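Engineer: Sequence:
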Amino acid sequence: MRDASAPTPRAPRSQAAPQARAPQSSPRIPAAPHTVPHALATRAVHAGREDLAALGVHAVPLDLSTTYPSYDSRAEAARIDEFATTGARPDGPPVYARLDNPTTARFEDALARLEGTESAVAFASGMAALTAVLLVRSSQGLRHVVAVRPLYGCSDHLLTGGLLGTEVTWVDRGDPAAVAEAIRPDTGLVMVETPANPTLAEIDIAAVADACGPVPLLVDSTFATPVLQRPAEDGARLVLHSATKYLGGHGDVLGGVVACDEESAGQLRQVRFATGGVLHPLAGYLLLRGLSTLPVRMRAASATAAELVRRLAADPRVSRVHYPELGGAMIAFEVYGDPHEVIAGVRLITPAVSLGSVDTLIQHPASISHRIVAEGDRRSAGVSDRLLRMSVGLEDVEDLWRDLCEALAAAGGAATGSVTAANTCTAGATAAVSSGRTGADRSPSSAARTEAAAPAPLPVPAAG
Numbered sequence: 001m002r003d004a005s006a007p008t009p010r011a012p013r014s015q016a017a018p019q020a021r022a023p024q025s026s027p028r029i030p031a032a033p034h035t036v037p038h039a040l041a042t043r044a045v046h047a048g049r050e051d052l053a054a055l056g057v058h059a060v061p062l063d064l065s066t067t068y069p070s071y072d073s074r075a076e077a078a079r080i081d082e083f084a085t086t087g088a089r090p091d092g093p094p095v096y097a098r099l100d101n102p103t104t105a106r107f108e109d110a111l112a113r114l115e116g117t118e119s120a121v122a123f124a125s126g127m128a129a130l131t132a133v134l135l136v137r138s139s140q141g142l143r144h145v146v147a148v149r150p151l152y153g154c155s156d157h158l159l160t161g162g163l164l165g166t167e168v169t170w171v172d173r174g175d176p177a178a179v180a181e182a183i184r185p186d187t188g189l190v191m192v193e194t195p196a197n198p199t200l201a202e203i204d205i206a207a208v209a210d211a212c213g214p215v216p217l218l219v220d221s222t223f224a225t226p227v228l229q230r231p232a233e234d235g236a237r238l239v240l241h242s243a244t245k246y247l248g249g250h251g252d253v254l255g256g257v258v259a260c261d262e263e264s265a266g267q268l269r270q271v272r273f274a275t276g277g278v279l280h281p282l283a284g285y286l287l288l289r290g291l292s293t294l295p296v297r298m299r300a301a302s303a304t305a306a307e308l309v310r311r312l313a314a315d316p317r318v319s320r321v322h323y324p325e326l327g328g329a330m331i332a333f334e335v336y337g338d339p340h341e342v343i344a345g346v347r348l349i350t351p352a353v354s355l356g357s358v359d360t361l362i363q364h365p366a367s368i369s370h371r372i373v374a375e376g377d378r379r380s381a382g383v384s385d386r387l388l389r390m391s392v393g394l395e396d397v398e399d400l401w402r403d404l405c406e407a408l409a410a411a412g413g414a415a416t417g418s419v420t421a422a423n424t425c426t427a428g429a430t431a432a433v434s435s436g437r438t439g440a441d442r443s444p445s446s447a448a449r450t451e452a453a454a455p456a457p458l459p460v461p462a463a464g
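Every letter in the sequence shown is one number past the one before it in the UniProt record's numbering, and letter 369, counting from 1, is 369.
Treat the hints as calculated values from the structure; they're not laboratory data.
Just to be clear, a hint being listed does not mean it is correct.
[What the hints assert, rightly or not] Pairwise CB distance ranges (calculated):
#, residue 1, residue 2, range
1, 358, 78, 45 to 53 angstroms
2, 72, 351, 55 to 63 angstroms
3, 73, 175, 54 to 62 angstroms
Because the structure is a prediction, the values reported are computed rather than measured.
Where is the CB? At the ideal position from N, CA and C, for every residue including glycine.
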């Protein structure tokens, strides 16, 4: 977990562009003729668009076709056979939208370039993407998964429920030795999420990748995006994103994507074709557009989040603040008062599930995103009943703090001996900004505020 005084996220370890792939005869994007590697921000703007000038257009074409004419049935049959064998995209013009779409392919190419992987495969949602990964491994007789909590609640449920015939072994967070010990001959996947949803706990990706040996490591990097981390550089074979979140960035598109090596991509395309979890071309268009502003959005929202963390760490109504060393635009914090009243008290901040939009969202994980996880498992993973998760957007930090502070005041509760709630909005901001008191004085990752009693357990109704 990071010092709350840090104003900006850690810089990415490498700004070098991945090696360009060779052009193909299909309508996919030709490799960029770069001689000097471009920075991530530049790649985000231009990836997936390199051929537009040659096409005589400036905006990305949106291809909504479901099928494509072909007067050579034998050649088309051969291309379909090749896809069935390898999962590689058919050479030449598209065949059918469930196999491939030129607009969606642009988004996939761009995301692969940002993540530094050979390929990427897009799906209708993040859960469709995870389902495809599990089906690939299960089809090879590798039904066992080693996973680390917490994960996104629906990911946890998909693994635990065994809907796809999988069996899961959960291991302690941040213990590569435990991961290695849990691996069996039929283990097909190791899955982690870092920073984790919703506690923002982090994992040493390289250490876990080493512990996996030949078993593929899947990292859900939704919270970080390639702006803050690129797991493939540390040995992850599969990088999962709910593209609905930061990649799209505006709360108006649903999608998922897996960045990976070409062999894995071929297998995922075959599952996508068979199961139908394809990304709509309009969604692919919006996601490609979202990537172009991703670095700017992430860095601006992360700076605001770091400032809010400093203020929350100094607020007597907050018992604990979670914020990753990596940085980012996600915050989690626990309150002494009623978290449901905090949710009910916001006016500018949107009380809603999901994250990664340009507007700030707040939700209560125990009631919403992680409601589907068994109560004991949820609490043991650090998802307490008083935990709130906030996705910081692009609003002015003072406006956000005023709204959040008033909601905290309405919820009541404070550490023993603290200043009164009526004075906290002003006092908390002054302490964090003017006096220089930061997380180094009251660490946001500590179990409770110094000299403050832990809040009483908050009853949460059983799921009905």
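Engineer: All the hints need checking, so say for each whether the structure fits it.
Structural biologist: Structure-based check of all given hints:
1. Evaluation of the 45 to 53 angstroms hint for residue 358 and residue 78 yields a pass: the beta carbon distance comes to about 46 angstroms.
2. Separated by about 56 angstroms at the C-beta atoms, residue 72 and residue 351 satisfy the suggested range of 55 to 63 angstroms.
3. Hint check: residue 73 to residue 175, Cβ distance near 56 angstroms, so the stated range 54 to 62 angstroms holds.
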